[in-house]
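**Q** We have chain U already, so just place chain B on it with the hints.
So you can see what is in the structure, the chains are spelled out below.
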Amino acid sequence: VTVEDLLHRLAPQVLGALVRRYGRFDACEDAVQEALLAAALQWPVEGEPDNPSAWLLTVASRRLADQLRSEGARRRREEAVATEVPAGEAVDEDDTLTLLFMCCHPALSPPSQLALTLRAVGGLTTAQIASAFLVPEATMAQRISRAKQRIKATAIPFAMPPEPERSERLRVVLHVLYLIFNEGYIATSGPDLQRSELTREAIRLTRAVHALLPDDGEVAGLLALMLLTDARRPARTHADGTLIALAEQDRGLWKQDYVEEGIALITAALAEATLGPYQLQAAIAAVHDEAPRAQDTDWPQILALYELLARVSPNPMVTLNHAVAVAMVNGPQAGLDLLATLDADERMAAHHRLDAVRAHLLDMAGEHDAARAGYRTAARRTTSLAERRYLEARAARLAG
Amino acid sequence: MRYMLLIYNNPATYETFSEDERNELFGEVDRIVGELTESGEWIGGEGLADASTAKTVRVRGDVPAVTDGPFVEAKEQLAGYCIVDCETVDRAVEIAASWPDAKHFAMEVRALMSGGEPEM
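Residue numbers (our numbering), protein chains in the order written: chain U, 1 to 400; chain B, 1 to 120.
If you are wondering where the hints come from, they were derived from the structure by calculation, not from laboratory data.
Here a beta-carbon is modelled for each residue, glycine too, at the ideal position from N, C-alpha and C.
You may find that some hints are simply not true.
Which chain B residues stay away from chain U? Per the calculated CB distances, all over 12 Å, these [as the list claims (entries may be wrong)]: (1) Pro11; (2) Glu41; (3) Gln77; (4) Glu94.
Here are a few chain U residues that face chain B, going by a calculated C-beta distance under 8 Å [said to hold, decoys possible]: (5) Arg143; (6) Arg146; (7) Leu398.
Listed next, the in silico SDA-like pairs over lysine to any residue satisfying Cα-Cα at most 25 Å (straight line) [to be verified]: (8) Lys152(U) / Val66(B); (9) Lys152(U) / Ser39(B); (10) Lys152(U) / Thr37(B).
Isolated chain U, as found in the complex (with noise of 0.2 Å):
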């Protein structure tokens, strides 16, 4: 375990212990993180101390108490700090999922959810969070200051929430990881390092989670999807950035041992859990990620979990896969049919997903012009490069 590694699992911990006693969430996050700063500078050069958490909790401790003074703050509470420093104290609760619930909470901004979680649960820098979003610091620092303004301005309690609301706030943290999964899978060109953190971040932290709660079936389904998904990354790309369809993917190079760990999770949570749409995603990537070849993916069991995550979780980009295990089963013309109840949606119409799906189910039919015409629409209406080139290159290959 790198000192990063471990720095990044105590975080929560140290600042639900900080929390927990002094309350204050804006000045303790502020004063675990320069724990953290001071631990990343002198572990490495001293050596771990024998107890790491107590070690970061003497230092946050310190560090709040500096704060404090400096505010001017109430004097009991700055006495109460400056004399209550537990040296040697142990953290006993795992506070991460309370923490979570804080951090995502629907009173903030999605860019702030995000922001604040990977700093206050995942122990990650402000550096480190906006050169991953690609923005710059400043910018960040100002989300994660207004985040931490926000939680204090609306009294959002460090408490988990009560029962009734509880399933519905999961859906928000889940939605969040998720989220971050997806800014950090995000391809290829850019600072790839940092992405990757992202992934590797949003894999850590949701394990995290399925580790409180065993049984959720959703917080298993996530975590399948994340590692189904992201097994497939060493394949997924040309040395040049380029992207490279599911179809065409050397699956040798998937990430066995993340497909293993996807695939249990996902059997588990579908024998046990009630059914939820992360489960169904995972599913159908397992089915996926089965497959030894492209054309031995079993299309007829895709498509029917494609129509049960069309019931249970209606959305366009669902309809849009959908019609393409469709047009795998039933052939490409049942396919556009599928296709064309989207065009009168207003979220899709001018959207490249829609014109990029088409062109490929007119190319399957063997309609090379109007394939063609649609891949270049829909490679002049992405906004993503990696996409722009792919989708150039298809319609280029049917110039011929």
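**A** Chain B alone, transformed into the frame defined by chain U:
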């Protein structure tokens, strides 16, 4: 999603503004940049020197030809840009509409290309 807001204006018209009008315009820009910084949407931006100082460079047959003046001759010229990171194109348009040059000239909103695309 990141957007570039391209600021177009006409330097000739701008020169007819009074001192007060110009101060108001600059004050307005400072206020908007302050708000966007505070909201965590501001990525950066710069003003450009006058288009008459531009150089346009073309290479033909490996020979660079440099001419004075902007690539496109027009009354309205690119005067500056800012980059914002916001959740929707509607929000980017709203920011563009609040920029003072939108009242006199025009703002163009363009999405920035990103590295890749999620496949999940």
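**Q** Determine for every hint whether it applies to the structure shown.
**A** Hints, one by one, checked against the model:
For Pro11(B), the condition that its CB be more than 12 Å from all CB atoms of chain U holds, with the nearest at approximately 30 Å. The claim that Glu41(B) is not at the interface with chain U is violated, since a C-beta of that chain comes within 12 Å of its own (minimum 8 Å). The beta carbon of Gln77(B) is kept farther than 12 Å from every beta carbon of chain U, the shortest such distance being approximately 26 Å. With a least beta-carbon separation of about 15 Å from chain U, Glu94(B) lies farther than 12 Å from that chain, consistent with its non-interface assignment.
Proximity of Arg143(U) to chain B holds as hinted, the smallest CB-CB distance being about 4 Å (cut-off 8 Å). A least Cβ separation of about 6 Å between Arg146(U) and chain B falls short of the 8 Å threshold, and the interface hint therefore holds. Among the interface hints, the one on Leu398(U) is violated; its C-beta lies about 21 Å from the nearest C-beta in chain B, farther than the 8 Å criterion. Our distance criterion of 25 Å between C-alpha atoms is broken by Lys152(U) and Val66(B), whose separation comes to about 57 Å.
This hinted pair checks out: Lys152(U) and Ser39(B) have alpha carbons roughly 16 Å apart, not beyond 25 Å. Using a Cα cut-off of 25 Å, the hinted pair Lys152(U) and Thr37(B) holds, with the two alpha carbons roughly 20 Å apart.
Comparing the model with each earlier hint shows violations of hints 2, 7, 8; every other hint is respected.
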